[in-house]
Amino acid sequence: MAYQEFKLQVLTREKGCFVEITAEVNRILRERRWTKGLLNLLATHTTCGLTLNEHADPAVVKDLLGRLEEMIPTSRGADQHAEGNSAAHLKASFFGASLTLPVSNNSLELGTWAGVFVTEFDGPRTRTILLSFLH
Amino acid sequence: MAYQEFKLQVLTREKGCFVEITAEVNRILRERRWTKGLLNLLATHTTCGLTLNEHADPAVVKDLLGRLEEMIPTSRGADQHAEGNSAAHLKASFFGASLTLPVSNNSLELGTWAGVFVTEFDGPRTRTILLSFLH
Amino acid sequence: MAYQEFKLQVLTREKGCFVEITAEVNRILRERRWTKGLLNLLATHTTCGLTLNEHADPAVVKDLLGRLEEMIPTSRGADQHAEGNSAAHLKASFFGASLTLPVSNNSLELGTWAGVFVTEFDGPRTRTILLSFLH
Numbered sequence: 156m157a158y159q160e161f162k163l164q165v166l167t168r169e170k171g172c173f174v175e176i177t178a179e180v181n182r183i184l185r186e187r188r189w190t191k192g193l194l195n196l197l198a199t200h201t202t203c204g205l206t207l208n209e210h211a212d213p214a215v216v217k218d219l220l221g222r223l224e225e226m227i228p229t230s231r232g233a234d235q236h237a238e239g240n241s242a243a244h245l246k247a248s249f250f251g252a253s254l255t256l257p258v259s260n261n262s263l264e265l266g267t268w269a270g271v272f273v274t275e276f277d278g279p280r281t282r283t284i285l286l287s288f289l290h
Numbered sequence: 156m157a158y159q160e161f162k163l164q165v166l167t168r169e170k171g172c173f174v175e176i177t178a179e180v181n182r183i184l185r186e187r188r189w190t191k192g193l194l195n196l197l198a199t200h201t202t203c204g205l206t207l208n209e210h211a212d213p214a215v216v217k218d219l220l221g222r223l224e225e226m227i228p229t230s231r232g233a234d235q236h237a238e239g240n241s242a243a244h245l246k247a248s249f250f251g252a253s254l255t256l257p258v259s260n261n262s263l264e265l266g267t268w269a270g271v272f273v274t275e276f277d278g279p280r281t282r283t284i285l286l287s288f289l290h
Numbered sequence: 156m157a158y159q160e161f162k163l164q165v166l167t168r169e170k171g172c173f174v175e176i177t178a179e180v181n182r183i184l185r186e187r188r189w190t191k192g193l194l195n196l197l198a199t200h201t202t203c204g205l206t207l208n209e210h211a212d213p214a215v216v217k218d219l220l221g222r223l224e225e226m227i228p229t230s231r232g233a234d235q236h237a238e239g240n241s242a243a244h245l246k247a248s249f250f251g252a253s254l255t256l257p258v259s260n261n262s263l264e265l266g267t268w269a270g271v272f273v274t275e276f277d278g279p280r281t282r283t284i285l286l287s288f289l290h
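Residue numbers (the working numbering), protein chains in the order written: chain A, 156 to 290; chain Z, 156 to 290; chain W, 156 to 290.
Possibly wrong hints are sitting among the right ones.
Identical copies look the same in the list; a pair holds intra-copy or inter-copy alike.
Claimed, not checked - Each computed SDA-like pair below joins lysine to any residue, with the alpha-carbon atoms no more than 20 Å apart: (1) Lys170 <-> Asn181; (2) Lys162 <-> Gly192; (3) Lys162 <-> Thr267; (4) Lys162 <-> Lys217; (5) Lys162 <-> Gly266; (6) Lys217 <-> His236; (7) Lys191 <-> Phe161; (8) Lys191 <-> Gly221; (9) Lys217 <-> Arg168; (10) Lys162 <-> Asn261.
Calculated from the structure, these hints are not laboratory results. On a predicted model such as this, the values are computed, not experimentally measured, just so you know.
Chain A on its own, in the form it takes in the complex (with noise of 0.2 Å):
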């Protein structure tokens, strides 16, 4: 058994966005030789997630930020957080913080469509997704 560990810093450039990070990993995946086993991802924050979406079309994504600020409007008169990012905690707590993917060939096992995307709600920010390796 070895578990290892390594911070991914991503930066993400709007208010909403998602970031896709799927072939940064497969690169750290290659450089450290994490070679077969499970990878967890943890987006160490409370108004981010991490999910896996299709990456083809961008407009799959333009698609849902315009689905969920409908859904879960940044803005509501009830909300007593100070802060005012209420919508962007619950919507990163639907999405999770967390994610463990298989890993083969030293590779992330996805499908042909999918993609792993940081999924930002509170941005612009510098982000930290800590990858987790065990094997």
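Model the placement of chains Z and W on the given structure of chain A, informed by the hints.
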């Protein structure tokens, strides 16, 4: 340490449906002698997910599908993704494509009322669930 | 490789509430000398979940519970599940019953503002959280 994988094919018969796979996953655990450890399940797709929920009363899944369609309607004028299935992408991300579960005595350690479901939002299709076992 | 388990009982005092368990999980990690590896947490139920979110300002959880009730109201005429708690089942699945987190130095590696919460949607109850540690 051992890391092993197995691909499970699941047929979904409707556009929106939950297909329970608990018994099939437990059968695979027994056949492959995956006795004790962590099992990762990954739906290698972007319009279906995986979830734990009640498997005793089928009305629960029916209520969930009805509520989901009201919250995240299939049709939305502003959507730009040409395939017209952005709602399915959002539902899939809310449930998540990946699930990690404890295994002991050759069996998933779920609660009495819980089952593992593939949550289909853009079927009918044949879906691949990648099972990865670390022990 | 070692795989070990521990059951944590959590009392939830209201119908809808978030109960933070970060300190208790860290105490278990220290007592059992689970130093470094991956910790899986599973709520063995179908009307509560687990999530990471802000633990500094209690107003965040209050805002989340208020927004959730507006999005997924407890009562819905079309629901068929006789127990009348389909809303709780949906909320639980959105948050997810399972969480896998990295452990280093006998402690969960969360961000400064993040805590682990049991998300109760059909309390008050005593909930079982199964902790499984792989290292």
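I'd like to know which numbered hints this structure contradicts. Please list them from smallest to largest.
Hints 1, 4, 8 are the ones this structure does not satisfy, whereas the remaining hints hold.
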